[in-house]
Amino acid sequence: MSQPSSLSDTHLRPLFEAVSITKKFGDFIANNDVSFTIHEGEIHALLGENGAGKSTFVKIVYGLLQPNNGKIFWNGNQVFIPGPQQARQLGIGMVFQHFSLFDALTVAENIQLAMPPGETIASLSVRISRLSAEYGIGVDPDARIHNLSVGEQQRVEIIRCLLQDPKLLIMDEPTSVLTPQETGQLFSVLRRFSENGLAILFISHKLDEIRALASHATILRRGENVGSVVIDGQTNRQLAEMMVGAKVKNISRQNAPEKSEVLFEVKKLCRPKDSIFSVALRDVSISANAGEIFGIAGIAGNGQDELMAALIGEWRGHDDGILIFDGMDISGKGPAERRVMGMGFVPEERNGHAAVPSMRLAENVLLTGHSLGNLVRYGLLDLFGMRAKANLIARSFDVRLPEGNPLASSLSGGNLQKFVVGREIVNVPRVLIVSQPTWGVDVGAAAFIREAMLNLAAKGSAVVMISQDLEELFTIAHRVAVLNDGILSSAEPTIDLTAEKVGLLMGGTHVSREERT
Amino acid sequence: MEALILTVLLTSVPLIFAASGELIAERSGVLNLGVEGMMLMGAVSAFAASSIFGSPYVGILAGAVAGALTAAVFAVFALGLATNQVATGLALTIFGAGLSGLVGAPFVGGTIDGLPTLAIPLLVDIPVFGNLLFNHDIMVYLSIGFIVIIAWFLTQTRAGLVLRAVGNSHDSAHALGYQVLLVRFYAVSFGGMMAGLGGAYLPLVLTPHWSEGMTAGRGWIALALVVFASWLPSRILIGALLFGGITIMQLAGQARGWTIPPQLLSMLPYIATIVVLVIIARNREFARANSPACLGQIFIQNK
Numbered sequence: 001m002s003q004p005s006s007l008s009d010t011h012l013r014p015l016f017e018a019v020s021i022t023k024k025f026g027d028f029i030a031n032n033d034v035s036f037t038i039h040e041g042e043i044h045a046l047l048g049e050n051g052a053g054k055s056t057f058v059k060i061v062y063g064l065l066q067p068n069n070g071k072i073f074w075n076g077n078q079v080f081i082p083g084p085q086q087a088r089q090l091g092i093g094m095v096f097q098h099f100s101l102f103d104a105l106t107v108a109e110n111i112q113l114a115m116p117p118g119e120t121i122a123s124l125s126v127r128i129s130r131l132s133a134e135y136g137i138g139v140d141p142d143a144r145i146h147n148l149s150v151g152e153q154q155r156v157e158i159i160r161c162l163l164q165d166p167k168l169l170i171m172d173e174p175t176s177v178l179t180p181q182e183t184g185q186l187f188s189v190l191r192r193f194s195e196n197g198l199a200i201l202f203i204s205h206k207l208d209e210i211r212a213l214a215s216h217a218t219i220l221r222r223g224e225n226v227g228s229v230v231i232d233g234q235t236n237r238q239l240a241e242m243m244v245g246a247k248v249k250n251i252s253r254q255n256a257p258e259k260s261e262v263l264f265e266v267k268k269l270c271r272p273k274d275s276i277f278s279v280a281l282r283d284v285s286i287s288a289n290a291g292e293i294f295g296i297a298g299i300a301g302n303g304q305d306e307l308m309a310a311l312i313g314e315w316r317g318h319d320d321g322i323l324i325f326d327g328m329d330i331s332g333k334g335p336a337e338r339r340v341m342g343m344g345f346v347p348e349e350r351n352g353h354a355a356v357p358s359m360r361l362a363e364n365v366l367l368t369g370h371s372l373g374n375l376v377r378y379g380l381l382d383l384f385g386m387r388a389k390a391n392l393i394a395r396s397f398d399v400r401l402p403e404g405n406p407l408a409s410s411l412s413g414g415n416l417q418k419f420v421v422g423r424e425i426v427n428v429p430r431v432l433i434v435s436q437p438t439w440g441v442d443v444g445a446a447a448f449i450r451e452a453m454l455n456l457a458a459k460g461s462a463v464v465m466i467s468q469d470l471e472e473l474f475t476i477a478h479r480v481a482v483l484n485d486g487i488l489s490s491a492e493p494t495i496d497l498t499a500e501k502v503g504l505l506m507g508g509t510h511v512s513r514e515e516r517t
Numbered sequence: 518m519e520a521l522i523l524t525v526l527l528t529s530v531p532l533i534f535a536a537s538g539e540l541i542a543e544r545s546g547v548l549n550l551g552v553e554g555m556m557l558m559g560a561v562s563a564f565a566a567s568s569i570f571g572s573p574y575v576g577i578l579a580g581a582v583a584g585a586l587t588a589a590v591f592a593v594f595a596l597g598l599a600t601n602q603v604a605t606g607l608a609l610t611i612f613g614a615g616l617s618g619l620v621g622a623p624f625v626g627g628t629i630d631g632l633p634t635l636a637i638p639l640l641v642d643i644p645v646f647g648n649l650l651f652n653h654d655i656m657v658y659l660s661i662g663f664i665v666i667i668a669w670f671l672t673q674t675r676a677g678l679v680l681r682a683v684g685n686s687h688d689s690a691h692a693l694g695y696q697v698l699l700v701r702f703y704a705v706s707f708g709g710m711m712a713g714l715g716g717a718y719l720p721l722v723l724t725p726h727w728s729e730g731m732t733a734g735r736g737w738i739a740l741a742l743v744v745f746a747s748w749l750p751s752r753i754l755i756g757a758l759l760f761g762g763i764t765i766m767q768l769a770g771q772a773r774g775w776t777i778p779p780q781l782l783s784m785l786p787y788i789a790t791i792v793v794l795v796i797i798a799r800n801r802e803f804a805r806a807n808s809p810a811c812l813g814q815i816f817i818q819n820k
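Quick mapping for you: the protein sequence lines, in order, are chains A and B. Per the numbering used here, residue 1 is the first one in the first sequence, and the count goes up by one each step. Per the numbering used here, residue 518 is the first one in the second sequence, and the count goes up by one each step.
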């Protein structure tokens, strides 16, 4: 990977400069006195934890939010960016983390919406095809967005930006939805853009990726710029500590017990497709031992939701003998029965699935605890018991609570996630099944949750963890299997695996999907 | 027979206006259940204006303006203040019924001159079809014209694309810099204007007098019609003729002493709508392409 040497040339005039940007939402200061500079052709990473103010900052750059204070310079001239249209006119393009695509419309219509008026769909389609050929990013202008894979949707977003001929491209966590191979392709495309003079502002919290792509980094912490650095001069550990503001705790798994009993088993689970948007599960087999974390890797949308529903018991097949918990057949049992027997579940979506945002924490305790016997007597709720248990969970799992008995929606993502994971672990389930346990959670909370799962396993429980996060799987899972298009590969000890190997297994579906079309 | 077909055609005109207006509002993502109230305001204003000024054409104009203004009241609450659209729409219906009764009280019992028919030269002389299709008042031609223009607008113009985009994902539209609330305000106002025109047609053509609640549920049928048409303008035309035909069948059936209870016939539009809903629900691919995904959702702009 080549780093353009001219970047260190201080004679270069900055392309974009933000000076002392401050943005408040009520009492909350999202950006405090943030200054930032980027030069032509530079790939600059914006680093920070969730809630550090990265998204707020780039929304200000793109005109979606107005700062309370601060100045913005473009090519040395002070500018005012009242909205995205003006940002685009200047030459600023943005690829969003949650795509800003319209899923009912075609690729060409989506792109037309972002272009200045006056261009026909037909001439646009020609330009789309030419650009995608030039950079090797294939998309069909007439396809409807909801028929595309996530990776393809991202390419649409990128092409949409590039057709406007931007000078500065902002990318908000672009790799969070990609396989390692797709990430590699994206990076080589981005490098070609930067060689052609495009400046790229790249938001991420994955340090290895940033090191592979960017030359400079600016680190935000709690809304403040804590430093702009040349990445080559820093270690990952230094960067992480700048992000977190404290020493990062090292987590590592202990070896799984050599010989232990199988606590949870799935035998050739099949589940037909129930709509065109779902994935059929084909002969999925899992066998999780006591004391072990069994990891299931894979890109979202390859059957994770369907598998999770089957493991929880929200979906049940007709056959017996498919799901075995501690020697007992639980195939026909519902979620409450499974919990009573000693299982715990944490689904992926915190808001609305694992917890009800509009209910209080104590009530959320009841939602998974009602069948366990001690919170409901004669049909009446034990309100004190519920509150006591909520407080116990908060204390043991470092959940930072507002005063009183707060609504689940008043907790930040990381705190709520610690709560829903803690709510299960506090019962010491013999088998814990979790999906994306640290998705969208800050580094500190993620470390805490991972440690809690390791501790549970050390007590002799089995943990089945579905995760997209390779780093997480490599850190805490003892064995890893890959879910791809509804098929689960055989599990391999983590020690024998490399990121490339897992990535190849993960990427299979995308290859076959392209072959089919 | 020709008389019967003519009556069906005229009965469907208010439905075409009100439903195609509501279609635009819903395509932008706003569910305005106040169609009945807006139609009543259109009807009373049209009657009042044409009896005061002595011209049914002034009545048409008054109906359109009254409908748009009533819709603007809805827009202030549902868009500006982000109130629940279902509750606000229901309130608008009750509000329209009450206010139209109040405004219309002095006009009860009066009559006006109906809209004259304008025969289109030459075309009207075509045998069989001529009289049926080209010998009508101006609003019949307008209603067909609006359907064509709306269909063209939605599929062929950039503004139509923006409207569909706002209804499909207001967050994405906002991220691209479109003024979600402004687009919706225009769409809702247009919907109100069309409902007002549909209401105006009742006293100006169908029954040349004013009586309280004279829309008699046509606003609700128009709402059902939008779903029945699965948000496609061309189907509004078919559905309006179908629903209009059912209404006439009730009257004709009663006159001829049919044994089918008229209540059963008046249920048919709603039953047909439910059947269509079930069919749409089974074909999710189609539903995703045409039904506005943000329908009824509140959009609050974060500045």
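Hints are not guaranteed to be accurate.
[Stated by the list, open to error] Chain B side only, calculated, beta carbon under 7 Å to chain A, not exhaustive:
no.: 1; residue: L619
no.: 2; residue: Q673
no.: 3; residue: T674
no.: 4; residue: R675
no.: 5; residue: A676
no.: 6; residue: L678
no.: 7; residue: A682
no.: 8; residue: N685
no.: 9; residue: A692
no.: 10; residue: A806
Note that these hints are calculated values from the structure, not bench results. Bear in mind the structure is a predicted one, so any value in this text is a computation, not a measurement. All C-beta atoms in this analysis are idealised placements derived from N, C-alpha and C, irrespective of residue type, glycine included.
Now for the hints, and whether the structure bears them out:
no.	hint	verdict
1	L619	violated (40 Å)
2	Q673	violated (10 Å)
3	T674	violated (10 Å)
4	R675	holds (6 Å)
5	A676	violated (9 Å)
6	L678	holds (6 Å)
7	A682	holds (5 Å)
8	N685	holds (4 Å)
9	A692	holds (4 Å)
10	A806	holds (5 Å)
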